[in-house]
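Novice: Sequence order for the protein chains is E and U. Under our numbering, think of the first position of the first sequence as 1, with each following residue one higher. Under our numbering, think of the first position of the second sequence as 1, with each following residue one higher.
Everything labelled a hint here was simulated from the structure, so no lab data went into it. If you're wondering where the values come from, they're calculated on a predicted model, not measured in any experiment. Misleading hints may appear alongside valid ones.
Pairs of lysine to aspartate or glutamate residues, derived as EDC-like cross-links and limited to a Cα-Cα distance of at most 16 Å, are as follows [to be verified]: (1) U:LYS93 to E:ASP40; (2) E:LYS73 to E:ASP4; (3) E:LYS20 to E:ASP40; (4) E:LYS23 to U:GLU103; (5) E:LYS23 to U:GLU100; (6) U:LYS3 to U:GLU147; (7) E:LYS20 to U:GLU100; (8) E:LYS23 to U:ASP109; (9) U:LYS126 to U:GLU43; (10) E:LYS20 to U:GLU107; (11) U:LYS91 to E:ASP40; (12) E:LYS23 to U:GLU107; (13) U:LYS47 to U:GLU103; (14) U:LYS47 to U:ASP134; (15) E:LYS23 to E:GLU6; (16) U:LYS87 to U:ASP50; (17) U:LYS47 to U:ASP125; (18) U:LYS87 to U:GLU100; (19) U:LYS89 to U:ASP14; (20) E:LYS20 to U:GLU103.
To give an idea of the chain U side of the interface with chain E (calculated C-beta under 8 Å), a few residues [what the hints assert, rightly or not]: (21) ILE21; (22) LEU29; (23) LYS93; (24) MET104.
Only part of the chain U face toward chain E is listed, based on derived beta-carbon distances under 7 Å [as the list claims (entries may be wrong)]: (25) SER24; (26) THR25; (27) ALA28; (28) GLY30; (29) GLY94; (30) VAL95; (31) ALA96.
C-beta atoms are modelled at their ideal positions from N, C-alpha and C, and glycine is treated no differently.
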Amino acid sequence: MSFDKELDTRGMNCPLPILKTKKALADMASGQVLKVVSTDAGSVKDMAAFANQTGNTLVSSSEEKGEYVFMMKKK
Amino acid sequence: MKKMGIIATKGTLDMAYPPLILASTAAALGWDVQVFCTFYGLELLRKNMDGIRVSPLANPAMPMPVPMPVFVQALPGMEAMASMMMKQKIKSKGVASLSELREMCIEADVKFVACQMTVDLFEFDKNEFIGGVDFVGAASFMEFAGEADVCLFI
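Extracted from the complex, chain U is given alone in its bound form:
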């Protein structure tokens, strides 16, 4: 059985997709998959993923409906609006939601592990996370990654 290890480090709407898409697809292909969530990647493990947002700030490649100067992007409410618009786009294009993809990962036995150090660093409450998550350190991930055919840092 092939193995893939993913290190998920980002917590924005656009960056939460790649680990979940690759993990769910690899699992569907029969791969053994482990996702190590660290720093902002811990957002992938929250029970409620509705708060995950995208920011047009410092993200010049993000397509905008109308050209928007940076100082306008920094106004209050712009991030929420951009996130809402992207979520509508995602839905209208038949792209799965983050929670739908995560559900499929879990069904297909993708193993999610959380970095204990960053959980401590940000003082997260473990109850905010989904069940079935192991809280581990780097050495545990390396044990899996050392045997993996594919290893990605996202």
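In isolation and in its complexed conformation, chain E is listed as follows:
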């Protein structure tokens, strides 16, 4: 899947992946997609909760070799 911006939060722990995601989205235009890579297992539920509460769309959420990849589409 294509994306417009990538955010690397590897090694960061709660709540940094969410805070950095929020910041990264602030510089993007509506409809653009942000790819977030995280190693925080808690971010799986948290990214979904972030999307639910902010109106951004979590297009996909997947895990590969202990890394979590999220595609977040800006509202």
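With the hints as your guide, set chain U onto chain E.
Specialist: What follows is chain U alone, placed relative to chain E:
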């Protein structure tokens, strides 16, 4: 817009985290957040947060690298050592520092207010605190808290 009010009353390294984590996260979710700092919670407002420590004394749940009797924990320098070790752990696990979290709170418009009564009680100098802090009483906080969706005492 949802609102959260937090009353921060503790000034140790472990207890300074929950208000800042919840405040920064709620703000990132678009919540309007106010943190009322009173008693030792005023430590959250100091310009320099490096002095915030954790004590293993009276804190039996704190994981220690080796079992340590209470009288050893009370020895001079033990608190400083425990604090240093916890800060190293925090860094190595990718957990944000207190000042980093507070910076993110401020950027996201979290409002910090200080309890004027405890500032007077402990004879703190307002210049020791970060800017943008209002010095208020309980009634001001209740005005915000009365409209809040979530209110926490930490």
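Novice: So, for every hint listed, does it hold in this structure?
Specialist: Results of checking the hints against the structure:
no. : hint                : in the structure
1   : U:LYS93 to E:ASP40  : holds, 10 Å
2   : E:LYS73 to E:ASP4   : holds, 10 Å
3   : E:LYS20 to E:ASP40  : holds, 13 Å
4   : E:LYS23 to U:GLU103 : holds, 13 Å
5   : E:LYS23 to U:GLU100 : holds, 14 Å
6   : U:LYS3 to U:GLU147  : holds, 7 Å
7   : E:LYS20 to U:GLU100 : holds, 12 Å
8   : E:LYS23 to U:ASP109 : holds, 13 Å
9   : U:LYS126 to U:GLU43 : holds, 12 Å
10  : E:LYS20 to U:GLU107 : holds, 12 Å
11  : U:LYS91 to E:ASP40  : holds, 15 Å
12  : E:LYS23 to U:GLU107 : holds, 10 Å
13  : U:LYS47 to U:GLU103 : holds, 11 Å
14  : U:LYS47 to U:ASP134 : holds, 15 Å
15  : E:LYS23 to E:GLU6   : holds, 12 Å
16  : U:LYS87 to U:ASP50  : holds, 10 Å
17  : U:LYS47 to U:ASP125 : holds, 12 Å
18  : U:LYS87 to U:GLU100 : holds, 13 Å
19  : U:LYS89 to U:ASP14  : holds, 12 Å
20  : E:LYS20 to U:GLU103 : holds, 13 Å
21  : ILE21               : holds, 5 Å
22  : LEU29               : holds, 5 Å
23  : LYS93               : holds, 6 Å
24  : MET104              : holds, 5 Å
25  : SER24               : holds, 6 Å
26  : THR25               : holds, 4 Å
27  : ALA28               : holds, 4 Å
28  : GLY30               : holds, 6 Å
29  : GLY94               : holds, 4 Å
30  : VAL95               : holds, 5 Å
31  : ALA96               : holds, 5 Å
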